[in-house]
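Let's have the full structure, built from the sequences with the hints guiding it.
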Amino acid sequence: MAPPKITYFPARGRAELARLVLAAAGVEWVEEAVSAETLPALKESGKLAFGQVPLYEDDDVSLVQSMTIARYLARKHDLYGDLQQGAIADMLIDGYGDLLNKLIPNIFPAPNWPALRKLKEEVAPVFAKQFEAVLAQNNGGNEYAAGSSFSFADLVLFSITESLLFDLGLVSAADYPLLEAHYKSTKAHENLTKYLESDKRFPPRKLEIPPE
Amino acid sequence: KITYFATRGRAELARLVLAAAGEEWVEETVDAESLVELKESGKLAFGQVPLYEDDDISLVQSMTIARYLARKHGLYGDLVQGAIADMLIDGYTDFMNKVIPNIYPAPNWAEVRRLKAEVGPVVAKQFESILAQNNGGEGYAAGDYFSFADIVLFSATESLIVGLGFTTPEDSPLLHAHYQRTAEQENLAAYLTSTKRYPGRRLDIPVE
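Chains A and B, in that order, are what the protein sequence lines are. Position one of the first sequence corresponds to residue 1 (the working numbering), numbered consecutively onward. Position one of the second sequence corresponds to residue 1001 (the working numbering), numbered consecutively onward.
If you are wondering where the hints come from, they were derived from the structure by calculation, not from laboratory data. All of these numbers come straight from a predicted model, not from anything done at the bench. Note that the Cβ used here is the ideal one computed from N, Cα and C, for glycine as well. Hints may contain errors.
Counterexamples of contact, computed for chain A against chain B with all Cβ distances above 10 Å [stated by the list, open to error]:
1) Trp29
2) Val64
3) Tyr183
Taking lysine-lysine pairs in the DSSO-like style, the calculated list, with each CA pair at most 30 Å apart, reads [as the list claims (entries may be wrong)]:
4) B:Lys1072 / A:Lys76
5) A:Lys5 / B:Lys1001
6) A:Lys102 / B:Lys1196
7) A:Lys5 / A:Lys187
8) A:Lys5 / A:Lys184
9) A:Lys184 / A:Lys76
10) B:Lys1098 / A:Lys118
11) A:Lys43 / B:Lys1125
Written out as structure tokens, the structure reads:
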């Protein structure tokens, strides 16, 4: 059986949640890097159902759409949890997707600093509060994102917190103690720690909004 | 209970799942005024409808609700069927996120025309290819039995052909045939022909 393969840019980006799921499940995988130059050939091959990467391939299936891949892997490796845990994971993914859809057009292809400053001040805190409220609804937010066991919902929330607080720096950890604590405890999850500390993991892209 | 505007919109996929599962549900209608109060109640995790409530859970995010219901009522199918359903939802959502801001709150007809001419046919081909990969596109959207993937594709095709008019039965024969077959699924047929279903909105692009 060939190991599963992720084809994407050599970056965290939209592939990272799928990687976190594989890591948490203790599954090895292969990375195939594409670049602006090699991407057109891949598109022409017909392998990309919507003309985009990431692409995921294993012995059973070939998939695109970053969140489809993450969900498939969570389901395949029994990380979705029960109905409720799964719904919380989905809700967090959808909410985060909404936020990224506001952010990303202002970062690529070229940063729109005034728009980003506005998003940082007016929009990001609203989302961060909403995410923290979802967490808080589960046992006061002191343990898992949903239910009483580690699940996909924890990986999704980890990914959101890492981006919002640390990589994009859109809100400060001090203002969201529950999110920060959840981030730290998820980091300590055995299989994740190995991946997070390995050089297999691509470095983060930090967003530094220059002062006006 | 589904709480939403009195329209198909983003709640319709969840309704189709409930209908396909043979489940009854209650509709609670909001409008611009009552929505404000609902937001202040704290019931809307991201400040938006639809809201879904049953004895076990309270959920927002239209696609989360649809997925939850599909899972709860045994419609997600196997791993591959589930992945195809998810892929169709994601691809369709990406496309609608390009379209909707050019229709609401105020239409940008020039951009809508461009999307219809340049993007709609590409997307329709992409969906048709996905369908064609399963038994030549003459059966189910995925696998060998009816599943959530069929409901998602039905909904997408209905928008593309009927609602938006971005493709035609002639240009997307497989999609259209799948759409017609799925409309005949016993439980769905009852809902689709009932007065419970809100009327669809057609996009009437004014002539240049």
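Outcome of the hint check:
Distance to chain B confirms A:Trp29 as a non-interface residue, since its nearest Cβ pair spans about 16 Å, more than 10 Å. The non-interface label for A:Val64 is inconsistent with chain B: the shortest C-beta to C-beta separation is roughly 7 Å, within 10 Å. Annotated as non-interface, A:Tyr183 keeps its C-beta farther than 10 Å from every C-beta of chain B; the closest such distance is 20 Å. As the CA atoms of B:Lys1072 and A:Lys76 are separated by approximately 17 Å, the hinted pair is consistent with the 30 Å bound.
The straight-line distance between the Cα atoms of A:Lys5 and B:Lys1001 is roughly 41 Å, outside the 30 Å bound, and the hint therefore fails. For the proposed pair A:Lys102 and B:Lys1196, the alpha carbon gap of about 35 Å is over 30 Å, so the pair is violated. Using a Cα cut-off of 30 Å, the hinted pair A:Lys5 and A:Lys187 holds, with the two alpha carbons roughly 24 Å apart. For the hint linking A:Lys5 to A:Lys184, the alpha-carbon distance of about 28 Å falls within 30 Å, and the restraint holds.
Restraint check: the Cα-Cα separation between A:Lys184 and A:Lys76 comes to about 26 Å, which is no more than 30 Å; the hinted pair holds. Between B:Lys1098 and A:Lys118 the CA atoms are separated by roughly 22 Å; this keeps the pair inside 30 Å, and the hint holds. Taking the CA atoms of A:Lys43 and B:Lys1125, the gap is near 14 Å; set against the 30 Å cutoff, the hint holds.
In summary, the structure is inconsistent with hints 2, 5 and 6 from the numbered list given earlier, while agreeing with the others.
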